[in-house]
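**Q** Read off the chains here:
Protein chains: 2
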Amino acid sequence: MTICVVGHSNPDTDSVTAAIGLAALLNAQGQDAKACMQSTADALNPESKMVLDRFGLAVPEEITDAAGKTVALVDFSDKAQAPANISDADVVTIVDHHKIGDVTTNNPILFRNEPVGCTGTVLNKMFKDAGIDIPKDVAGGMLAAILSDTVNFKSPTCTDDDKAAVAELKKIAGVEDTEELFMAMLKAKSSVDGVPAKDLLFRDYKDFDMKGSKVGVGQLELATLDQVAAIREDLLAAMKEIKADGRHSVLLMLTDVVKEGTDLVVVSDDPALIEKAFDGKLAGTSMWIDGMMSRKKQTVPNLQKAFGC
Amino acid sequence: MTICVVGHSNPDTDSVTAAIGLAALLNAQGQDAKACMQSTADALNPESKMVLDRFGLAVPEEITDAAGKTVALVDFSDKAQAPANISDADVVTIVDHHKIGDVTTNNPILFRNEPVGCTGTVLNKMFKDAGIDIPKDVAGGMLAAILSDTVNFKSPTCTDDDKAAVAELKKIAGVEDTEELFMAMLKAKSSVDGVPAKDLLFRDYKDFDMKGSKVGVGQLELATLDQVAAIREDLLAAMKEIKADGRHSVLLMLTDVVKEGTDLVVVSDDPALIEKAFDGKLAGTSMWIDGMMSRKKQTVPNLQKAFGC
Numbered sequence: 483m484t485i486c487v488v489g490h491s492n493p494d495t496d497s498v499t500a501a502i503g504l505a506a507l508l509n510a511q512g513q514d515a516k517a518c519m520q521s522t523a524d525a526l527n528p529e530s531k532m533v534l535d536r537f538g539l540a541v542p543e544e545i546t547d548a549a550g551k552t553v554a555l556v557d558f559s560d561k562a563q564a565p566a567n568i569s570d571a572d573v574v575t576i577v578d579h580h581k582i583g584d585v586t587t588n589n590p591i592l593f594r595n596e597p598v599g600c601t602g603t604v605l606n607k608m609f610k611d612a613g614i615d616i617p618k619d620v621a622g623g624m625l626a627a628i629l630s631d632t633v634n635f636k637s638p639t640c641t642d643d644d645k646a647a648v649a650e651l652k653k654i655a656g657v658e659d660t661e662e663l664f665m666a667m668l669k670a671k672s673s674v675d676g677v678p679a680k681d682l683l684f685r686d687y688k689d690f691d692m693k694g695s696k697v698g699v700g701q702l703e704l705a706t707l708d709q710v711a712a713i714r715e716d717l718l719a720a721m722k723e724i725k726a727d728g729r730h731s732v733l734l735m736l737t738d739v740v741k742e743g744t745d746l747v748v749v750s751d752d753p754a755l756i757e758k759a760f761d762g763k764l765a766g767t768s769m770w771i772d773g774m775m776s777r778k779k780q781t782v783p784n785l786q787k788a789f790g791c
Numbered sequence: 483m484t485i486c487v488v489g490h491s492n493p494d495t496d497s498v499t500a501a502i503g504l505a506a507l508l509n510a511q512g513q514d515a516k517a518c519m520q521s522t523a524d525a526l527n528p529e530s531k532m533v534l535d536r537f538g539l540a541v542p543e544e545i546t547d548a549a550g551k552t553v554a555l556v557d558f559s560d561k562a563q564a565p566a567n568i569s570d571a572d573v574v575t576i577v578d579h580h581k582i583g584d585v586t587t588n589n590p591i592l593f594r595n596e597p598v599g600c601t602g603t604v605l606n607k608m609f610k611d612a613g614i615d616i617p618k619d620v621a622g623g624m625l626a627a628i629l630s631d632t633v634n635f636k637s638p639t640c641t642d643d644d645k646a647a648v649a650e651l652k653k654i655a656g657v658e659d660t661e662e663l664f665m666a667m668l669k670a671k672s673s674v675d676g677v678p679a680k681d682l683l684f685r686d687y688k689d690f691d692m693k694g695s696k697v698g699v700g701q702l703e704l705a706t707l708d709q710v711a712a713i714r715e716d717l718l719a720a721m722k723e724i725k726a727d728g729r730h731s732v733l734l735m736l737t738d739v740v741k742e743g744t745d746l747v748v749v750s751d752d753p754a755l756i757e758k759a760f761d762g763k764l765a766g767t768s769m770w771i772d773g774m775m776s777r778k779k780q781t782v783p784n785l786q787k788a789f790g791c
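Protein chains in written order, with the numbering used here: chain A, 483 to 791; chain B, 483 to 791.
Isolated chain A (complex conformation):
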């Protein structure tokens, strides 16, 4: 049966290009695999669209239900971020760089998770270990994913392994100027013009189970906070709307990539708990947290500590 390689829900560039990368690796190893994603082509975030377009990569097909399918997971290992009915799928491989989630299997499988900045960095090692050359277009996608996930090496999640992978992948992909590539991605990603607030909130959004409480965390990476100044009320309304759907809190990280910090917008049953989590003080509905760039390495661990996970 064809292995559907799929990243997390609300896919980002790593999730999409890692699915393409692992499918290419599996194919080169003689396995029948195809890249999938939990999004329609239209709903894909603008950065990922731009990356697929620039490197001439085919848009992965949509998968919504994993029941009865053979799947490989990239960039996540949490059931909450998987296609529907993941427990009825045969999970045959996992490649990730996050905390270890709650997906379990009945059989031994390859699960390679490394504490690096991007799944693309792990995949680059796997191609090398297998002695298989990375196709030029696939290398371009993986390169873009590392620049995106590490915020051009500025994120605290970035490791020397990520930098080494970029140095190797840029040669294979024929990219001379990674600064230019990053700024083009940032420009595509941070464009909010004409996009409905709810779509912006879901552009890079994940739900987490915090000891029984459902907490949603979205992130918008911006070149400047001015970009969202005119739509703050609309964003807040969208957050309140999805909070009403059984969530304890909804947070939106408005991350200023240049200033290297986040204006954290909070809608919560218990704002004091959120303030405690980040040792900050809300001014109205948000608080500036200097140095906060990573949902995975900073926001979520702090929330987990505050919720007593």
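Please note that the accuracy of each hint is not assured.
Heads up, the list lumps identical chains together, so a pair's fine if it works in one copy or across two of them.
[Claimed, not checked] Derived DMTMM-like pairs: lysine to aspartate or glutamate, alpha-carbon spacing no greater than 20 angstroms straight-line:
| id | residue 1 | residue 2 |
| --- | --- | --- |
| 1 | Lys787 | Asp572 |
| 2 | Lys561 | Asp584 |
| 3 | Lys787 | Asp570 |
| 4 | Lys693 | Asp727 |
| 5 | Lys741 | Asp752 |
| 6 | Lys531 | Glu703 |
| 7 | Lys778 | Asp572 |
| 8 | Lys610 | Asp642 |
| 9 | Lys779 | Glu757 |
| 10 | Lys653 | Asp751 |
| 11 | Lys645 | Asp611 |
| 12 | Lys722 | Asp751 |
| 13 | Lys693 | Asp584 |
| 14 | Lys561 | Asp547 |
| 15 | Lys645 | Asp659 |
| 16 | Lys669 | Asp659 |
| 17 | Lys610 | Asp643 |
| 18 | Lys607 | Asp643 |
No lab work stands behind these hints, which were simulated from the structure alone.
Using the hints provided, position chain B relative to the given structure of chain A.
**A** Using the frame of chain A, we list chain B on its own:
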């Protein structure tokens, strides 16, 4: 804080030597780590004792409670097989070759699980990836573990990777004749003389959660079933005793390594379900299943299917 590297409960040779191996790798990488095991030195199984003795490896210290400790897990990723209070420990690394268990983390860590016959095979790759030479004594332990876990390459879990690792490790360990090493281990392992039945049952025993039913599966690898002919009633009594402690079923695999099959002894609330799981028919309290060698790859998956996991 010192990283306690520990294998599963009721440790086998892989669990013990992999803890030694990963601790050695972490130490070589500048980390403070020590090998531990979930057993006293006295209670260690005779095969593992013999292996540590032959290669001059220090007996790992006992760990029973992981609360507040920094731990690395080898040869398992199931909470049920961990030291007490594993949820209150900081799990920093997992190296394994089994199905993916239910240990989760709050932070990204290295989790390297490969569908190969032995943790030692994965560790051998990790030493090579890191460019670190394996100490001679440590290589001996890892070599013995691979021979043990793959039943000298006969187990269906054995892969080409395991064979390649043995070829490399025997050179490093200075072992010329792996057949001799395997037979010496088998002799040590299968010795039942003077050992209480309950100790034999727990020699290589694991509990599994089968959709809410607790099922225990022990395995004794024997050179011939004659070795246990005189103590079958004692083994059955020991199985009944531990079954009474809230278990749905207790199975004991009496595996004939030479004939390559298992006499499966069954004590169960629902013997018909167990018969269905293995497509066999109990003659009294046991049934011979030709070709059954591996608890992990054969017994447990069949049980999971029968229990509807």
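**Q** With reference to the structure, classify each hint as holding or not holding.
**A** Verification of the supplied hints:
1. Lys787 to Asp572: Cα proximity of Lys787 and Asp572: across copies only (13 angstroms, versus 33 angstroms in one copy).
2. Lys561 to Asp584: both (6 angstroms within a copy, 12 angstroms between copies)
3. Lys787 to Asp570: Classified as between; 12 angstroms across copies, 32 angstroms inside a copy.
4. Lys693 to Asp727: For Lys693 and Asp727, the Cα distance is within 20 angstroms only inside one copy (18 angstroms; across copies 31 angstroms).
5. Lys741 to Asp752: This pair counts as neither: shortest intra-copy Cα distance 29 angstroms, inter-copy 65 angstroms.
6. Lys531 to Glu703: Within one copy only: 16 angstroms inside, 56 angstroms across.
7. Lys778 to Asp572: Only across copies: Lys778 and Asp572 sit 17 angstroms apart there, 27 angstroms inside one copy, limit 20 angstroms.
8. Lys610 to Asp642: both (17 angstroms within a copy, 19 angstroms between copies)
9. Lys779 to Glu757: Within. Shortest intra-copy distance 18 angstroms satisfies the 20 angstroms Cα cut-off; inter-copy 49 angstroms does not.
10. Lys653 to Asp751: neither (50 angstroms within a copy, 63 angstroms between copies)
11. Lys645 to Asp611: both (18 angstroms within a copy, 17 angstroms between copies)
12. Lys722 to Asp751: Answer is within; shortest intra-copy Cα gap is 11 angstroms, inter-copy 52 angstroms.
13. Lys693 to Asp584: both (14 angstroms within a copy, 16 angstroms between copies)
14. Lys561 to Asp547: Classified as within: same-chain Cα gap 12 angstroms, cross-chain 29 angstroms, threshold 20 angstroms.
15. Lys645 to Asp659: within (14 angstroms within a copy, 44 angstroms between copies)
16. Lys669 to Asp659: The answer is within: 16 angstroms in one copy meets 20 angstroms, while 64 angstroms across copies does not.
17. Lys610 to Asp643: Classified as both; 13 angstroms inside a copy, 16 angstroms across copies.
18. Lys607 to Asp643: both (9 angstroms within a copy, 17 angstroms between copies)
Hint check: violations occur at hints 5 and 10; the rest are consistent with the structure.
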